[in-house]
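Spelled out, the chains give:
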Amino acid sequence: MRYSGFRVIAEALTGHKGWKPVWRDPDPKPDYDYIIIGGGGHGLATAYYLAKEFGQARIAVLEKGYLGGGNVGRNTTIIRSNYLLDGNEPFYEFSLKLWEGLEQDFNYNAMVSQRGIINLIHTDAQRDAATRRGNAMILHGADARLLSRDEVRQMYPWLNFDNARFPIKGALMQPRGGTVRHDAVAWGYARGADQRGVDLIQNCEVTGMRIENGRIKGVETTRGYIGAKKVGVAVAGSSSKVMAHAGMRLPIESHVLQAFVSEGLKPLIDGVMTFGAGHFYVSQSDKGGLVFGGDIDGYNSYAQRGNLPVIEDVAEGGMALMPAIGRVRLLRTWGGIMDMSMDGSPIIDKTHIEGLYFNGGWCYGGFKATPASGWCFAHLLAKDESHITARAYRFDRFLKGLMIDEKGQGATPNLH
Amino acid sequence: MIIHHPILGPRDAQEFVYLGDASLIDRPDGMTAGVEAFHDYLYQRTNPAGEHQELWYHEQGDRSWLVVTRNTVTHEITKVELARDVARARGRTK
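Protein sequences appear in the order of chains C and D. Numbering-wise (full-length UniProt numbering), the first sequence opens with residue 1 and increments by one. Numbering-wise (full-length UniProt numbering), the second sequence opens with residue 1 and increments by one.
These aren't lab readings, by the way, just hints derived from the structure by calculation. For each residue, glycine too, the CB sits at the ideal point set by N, CA and C. A few of these clues could be false.
[What the hints assert, rightly or not] What the simulated footprint calls covered on chain C by chain D, stretch by stretch (three residues with Cβ under 8 angstroms from a Cβ of chain D suffice, anywhere in the stretch; the number is not a length):
#, stretch
1, 205-219
2, 289-303
3, 407-416
Whenever a hint applies, use it, and build me the whole structure from the sequences.
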């Protein structure tokens, strides 16, 4: 069924009796050409583009829980392409361009809202760095603007501009950045993939991989053995667990990142704002809640649950920037598990096992990457070569000294 | 999380800085080990879901390095040792 304004009116006039389930719930077949492990944003996008853009068929997505139940449903919904390094910026700009056409492409309302993102500046050195970053973005075809203190004040007059430690001196803005309804991204890709014949198999956890003579033959699952010519793993957060089935160790640690939403408020913040110096960022949802977050907890965790010290730290960051939120009540906090890689950048690459491909290491920036990650992973799966924007995301970059380290922190995953 | 420091008793985890997997104690000899061995040491992690031995530094305390055995699924801490003792038990001289 194609969604449109006409369809909404027609259903309204006929008692909404025509709406159908958005995807099938098939049993696994004995074998497929492609198995994607992980029914989150990246896995579903991969299956969608594999079928739609690369003309492949006999595809299954295996999900251990329910579709979109992991990080695609746990993030703070921000999209942007404000990276500095050559290995990153073309990829994230490709992703932002896909976001801009996404809803028409998969005929689903993902509420893509390009409300702009600003990164606050507090010192001359930060302004220099922001100028350089903005120029790098523009050179790669993205958009960037350097805002003066007065321009920021016009947008958000109630910020704490004269904080003694971090006075606000300006901001780097990407007007095309914004937010997206995160769950709808998973649902839209799932529906689009299902319509193109992809089997979306839920409650199907991969428990082993059958590898013979250096080649993948299929996967053992809680719903039986499923054969495959090619297997793509897109399970960020659990990458080390799944790839251990293939005997691989990864340059990744799993860490918990918390996110927060306040009670609903009247319109306060119309864009996205990051306060890097205070380890805090915030936007306001269409329902009015302030959606915000800060640092990862900083220790290995698979718990999907963080601890109180980081909640306190994030709240302090928020109060330093926006004293006006002092009486606002916190509605919910939750945690998601991040693949923290050794240089803060992701991996989309083949493995040494023929037919086994890997997509992960997204740190806490995976959501904005969803469309390009899916597209580039589908490209790799279908053509056995990296997409032009994802060529730097290789496993061997650590061995060869070709790290993509935006923050310059080195091999310390909890600091990226 | 409360870390039961072997010398100082129960301390809040906020007083500590986290480094990572305690396998970082077993550094290969930089003069003799190959590039691949050093790559594996520096970049590759087992990253288990479950029991994990890890290095914590008591920065806001006595500045000792500890090896904490902690479950990464439940955050339960089952053992805390001085990293010095662990390293010596593994044959390190310093």
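Starting from the hint list further up, note which numbers the structure goes against and sort them upward.
1
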